[in-house]
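Trainee: In order, the protein sequences belong to chains G and W.
Counting from 1, one number per residue, gives the positions in the first sequence under this note's numbering.
Counting from 1001, one number per residue, gives the positions in the second sequence under this note's numbering.
Honestly, the hints are just simulated from the structure, not real lab data.
Please note that a few of the clues may not be correct.
Claimed, not checked - Calculated pairs, DSBU-like style, for lysine-lysine (alpha carbon to alpha carbon, straight line, at most 30 Å): (1) K401(G) / K168(G); (2) K1150(W) / K401(G); (3) K19(G) / K356(G); (4) K184(G) / K19(G); (5) K402(G) / K1150(W); (6) K168(G) / K402(G).
Said to hold, decoys possible - Computed list of chain W residues with no C-beta within reach of chain G, every gap over 12 Å: (7) P1045; (8) S1063; (9) V1101; (10) I1105; (11) P1106; (12) F1109; (13) I1122; (14) L1125; (15) V1137; (16) E1141.
A virtual CB, placed ideally from N, CA and C, is assigned to each residue, including glycine.
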Amino acid sequence: MTTTEHSYQTAPQLSDTLKRYSSIATFIGLVFLALLVAGLFLEGGGLTGPGMEHFLRAYLVGFWLWFGAGAGCLLILMTQYLTGGAWGVMIRRPAEAGAKTLYVMVLLFLPLLLFREQLYWWTTPAGLADKVIHAKHYYLNVPFLWVRWIIYAAFLCFFTWRLTTWSKLEDETKSMKYSALLEKLSAPGVLIFFILMTFCAVDYLMTLEPYWYSTVYGFMIVIGWVLTAIAVLIATLTMLEKYAPLDHALTRRHYHDLGKLMFAMVMMWAYLNFSQLLITWSGNLPTEIVWYIKRWNGGWQVVALILLFGHFVLPFLLLLSQTTKRNSKLVGVVAMYIVAVHAIDVYSLVEPNFTKVTDPHFYFSWMDLAAPVGFGGLWLAMFFRNLPGMPLLPLGAPDLKKALNHGRDH
Amino acid sequence: MSVHTDDDQITLYGLIAEFETPGELVAAARRTREAGFKKYDAYSPYPIHELDAAMDLHDNRVSLFTLIGGLLGCAGGFGLATWVSAVAWPLNVGGRPIISVPMFIPVTFECTILLGGLTAAISMLIMNGLPQPYHPVFNVERFVNASRSKFFLCIESDDPKFDRTMTQGFLESLGAEEVAEVAA
């Protein structure tokens, strides 16, 4: 294959398409977020009433799904610098565009923090005075909650900023110095990411059920993020593959590799969820089983079964065959499906916590649907706006040539 | 040193061509297929995934056998756990159901992997015709390099399109470093 560097430039049609996608996403995002806010007032009760509580629960579902997509992009970005490989080179720019959404996403934690008492019982005066909560007060206190938010936001923004600016410099200077820096920063980055984001998952999801705990929880949540992110990235590539430079850069092998990664994350998600269930089932302790009792009674078992079959069995069977993974149309459809079904997973992480363990009742509000779509529109609008900022292929990456030849006969 | 003989007494297994790089081998394999040869094989020190496409290899039966083996293991593992703790010796463990599904999953999973893996390995060996104590290509002295640094393509003499001189010319035209006869 002999291609001049000129042909790696982004085609003008691609920039137009990205602009159009961004406008469509903005429109959908605004409409559905407006619906979400309207829901707050429709249910009434002002800022302390049931409308606000239902709004915040739906907000958490939608926000968490797409915050996870952004954070997952950052983790994938760091991982591909550490492992190398053609798959990483091909999705580096989309992953950077996804990670850059974190600059805005970290600010969207604010409504959760400001109206915390409607959502997190432990932050109310009654909750803080509770014996069990008080025993954990070194961690479960409001000032430290704010401090942790600042740490998470600072970490995510700093690493995104450093990784994307160095990558831009690598492109412009073609200097190996930046390639080395990117790898050096990514190694501790992955480690810190898992530690900090475990706490983040504890703060915003696990404390919805403040007596309950699970040690695999943070890892489980982060893997869900990586799954969402890789699915979004694959779907993006399949949507843009007919434009230069992707039209002559992408091969079936690239889709095969990315599909395998998505397949691995589907299995990892199931593995971690099952690990938590198995340990809880074996122990059968009152504090631990609460989480599952709420999710296996009062109609919630339907959601659990949808997740078992829809989030694991179906994608597993679809992605098992290499025909699916190598076919960009098919793998793109499976990827979009996975994002949708992961929204149900986030919904089932959040909503059942608010039912009574002694009398669980299924709860679904149309706001739980409006929020993931609305935040999705907002997130994708930023994502598609970030994408054309740089050439769609990392021209300064030392392994670009190798990645482009991946899956081609010489 | 290669076998250069026009002695009609020896039976010919085929003609073997030696290449310097994996790229040349892949290209040669593709052109051999395009030329209409059916009975030929490529030899390399390490797996070259592009060869599958170049040689148009489509035999997926090992995957199918593995799937069947895996499913049997899955059913067998779950069946074993169920039979042991619900039929042969019903056991109440802390009030859990007799068929305690989550606890059976690890066994089911392990049996799936075990039987799937064994089926994959055994069916791969059988379908490759292994173990094979004798193979004619080893009669060519330089073939020892096939496990070190060189890449080989052998067109077998029972291919309908095989012709001693024409095929030698064809292999040379592929850019082979050396073409040798392989005694059967």
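Trainee: Hint by hint, say whether it matches the structure.
Mentor: Do the hints match the structure? See the list:
1. K401(G) / K168(G): Holds - the C-alpha atoms of K168(G) and K401(G) are around 18 Å apart, at most 30 Å.
2. K1150(W) / K401(G): holds (25 Å)
3. K19(G) / K356(G): Between K19(G) and K356(G) the Cα gap is close to 47 Å, so the pair fails against 30 Å, i.e. violated.
4. K184(G) / K19(G): With a Cα-Cα distance of about 34 Å, the restraint between K184(G) and K19(G) is violated, given a limit of 30 Å.
5. K402(G) / K1150(W): Status holds; Cα separation ~22 Å.
6. K168(G) / K402(G): Cα-Cα ~20 Å, so holds.
7. P1045: Holds, because the least Cβ-Cβ distance between P1045(W) and chain G comes to about 17 Å, which exceeds 12 Å.
8. S1063: Non-interface label on S1063(W) violated, nearest chain G Cβ at 9 Å vs cutoff 12 Å.
9. V1101: Label violated. Min Cβ-Cβ 9 Å, cutoff 12 Å.
10. I1105: violated (7 Å)
11. P1106: violated (7 Å)
12. F1109: violated (9 Å)
13. I1122: holds (21 Å)
14. L1125: holds (22 Å)
15. V1137: holds (24 Å)
16. E1141: holds (28 Å)
In this structure, the earlier hints numbered 3, 4, 8, 9, 10, 11, 12 are contradicted, and the remaining ones agree with it.
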